[in-house]
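Asks: Taken in order, these protein sequences are the chains called C and S. Each residue of the first sequence is one higher than the one before, starting from 1 at the first, in full-length UniProt numbering. Each residue of the second sequence is one higher than the one before, starting from 1 at the first, in full-length UniProt numbering.
Just so you know, the hints here were simulated from the structure itself, not pulled from any lab data. Given the structure is predicted, the values throughout are model-derived calculations rather than measurements. C-beta: ideal position from N, C-alpha, C; glycine also. Treat each hint with caution, since some may be false.
Said to hold, decoys possible - Estimated spans, in silico, between C-beta atoms of each pair: (1) S/L127 with C/F128: 50 to 60 Å; (2) C/R12 with S/G43: 12 to 22 Å; (3) S/Q175 with C/Q44: 34 to 44 Å.
Claimed, not checked - Far from chain S, some chain C residues (derived; all Cβ distances over 10 Å): (4) S11; (5) V53; (6) W58; (7) S108; (8) L135; (9) D161; (10) L171; (11) P175; (12) P185; (13) A193; (14) D204; (15) I206; (16) M217.
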Amino acid sequence: MKRGSAGHYLSRGLTWLLLAFLFLPILVVIPVAFTDQDFLSLPQHGLSLKHFVAIGDWSAGWLPSILTSIAVGVLASAAATTLGAAYAVGAWSISGWWPSLTRVMILSPLIVPPIVYAVGIFKLWARFHLLDTFLGVAVVHVVLCLPFVILAMGSTLSNLDPRLVQAARSLGARPATVFLRVIAPNILPGIIASALFAFVTSWDEITVTLFITSRAMVTLPRRIWTSIADSVDPALAAVATLMLVVTIAILVVQACLPHRKPDPSP
Amino acid sequence: MTTFNRWAFALTLPAVLTTLALYVAPITQVLTLSVTDPRPGLGNYEGLMTSNAVAKVAATTLNVSLLTTIFTIAGAYAIAFGLVHMRVGPRRLAMFLVLVPFWVSVLVRAFSWITILRREGVLNSALSSLGLISEPLNLVYNRIGVVIGMVHYMLPFAVLLIFANLSGIDRRIMQAARSLGARPATIFWRIWLPLSVPGLAVASVFVFIYSLGFLITPALLGAGRTVMIAEFISVQMKTLRWGVATALSVLLLLLVALSVLALMRRPALRAAFEGRPDP
């Protein structure tokens, strides 16, 4: 649209208005977190940090849940990244129907509604007595993180030059050497990105976790869910504020890091 | 098969077996249970067809999903269209405003909307202190609240999908049209919009299928008054009516599969799924 025309200003205004709709509502948790009242409200007489202090109280349950979520996330991310990176490298090295078919299968959790999986895994975990256990949640998170690892690895591998592998093989490198000494160092950034992606996926997972946990395993999203559903505790706003600050900090750091230039060759 | 290929094949196995055992098998069991529990046959599906509650839930689900898709795609297109026309600086800021909500937990976002929209919430207090309303508006725990929350949840995702498509459009076409005397409106309607159709189609189907099976936002912002299919399934699970829960899951799965099949005719999506570069 031509700069300076009415249409140009109208469309630009609409864009920023919609961006405000996207961003501003999330910020509302910040003033609520600093309220001096004991119920969900904006600050009345002054700002207070008591709800942030309340998070640190072990018996309030927030801290154990945060630690649980970190533990599940680290474990699920490590396992999913290992499985996913091995799969992605293997599938990249061979062609034919096998990689195409298995890729669709592993990516299917991105499309299949999580509630359907929740019904299925509930039945399976009930049989193996894994409901409401650490192992049960961690294993489910591995399965749900795998598609994200494969997507992240896929974009890294598409920049890897197959001639590198050909060269190594023609010089007599054994398969293990090719995978560990040639491919692995070249895709390390992708592996790190996958691990982070997987951790965030596990850290945020709620729909399936909701059905396979009850009292013993309370991840952070699970505690937030209960807290929204049955109370008006401002500590929730404090937790939400912390999560928001961490998200923004990570995005800002990432935006400030120097970006690698994309490979110029097609 | 060379030794190298055998090694590569072996590397793919752990992920494939994990997915088969812990994802495909449980979902297959859902299909099986729907025709065997409580007794073999299509009784569960007959039950679904004749139940008034199911009909109401299905109507609500389709209605909310369609509304969400329409508002999300319209809004996302306006944002993405603005983004591709921005200079680098403003675009960075705009992208940041899209990515923050994209990464913030769905629960935090639902909680924000409850804080804003409830009767004693931020919006109602602001409107009444401005004297614009005398009675608080019912903006949440009903269909309006659910649609607002869902559109807000889906927007960043749709913006990213549509933006990727729009940035791939060859801008020399617009330059050519302009130099041949086309007016800005003509360029938009006759060039931008037709070239955006693939991106809009992919984004619409994704938003629609995500909306169909969505649990968290409808459950929290609908609070039992606007019940969509996922929440209904969860209620059936809690009351141990496995036949109904699994049959509904299969129905949901079928709806999603049909939407994806319609989209798979698009080469761009098929390529993304099979891991080939976009043709």
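Asks: Would you pick out the hints that fail for this structure and give their numbers low to high?
Replies: Failing hints, ascending: 2, 3, 4, 7, 11, 14, 15.
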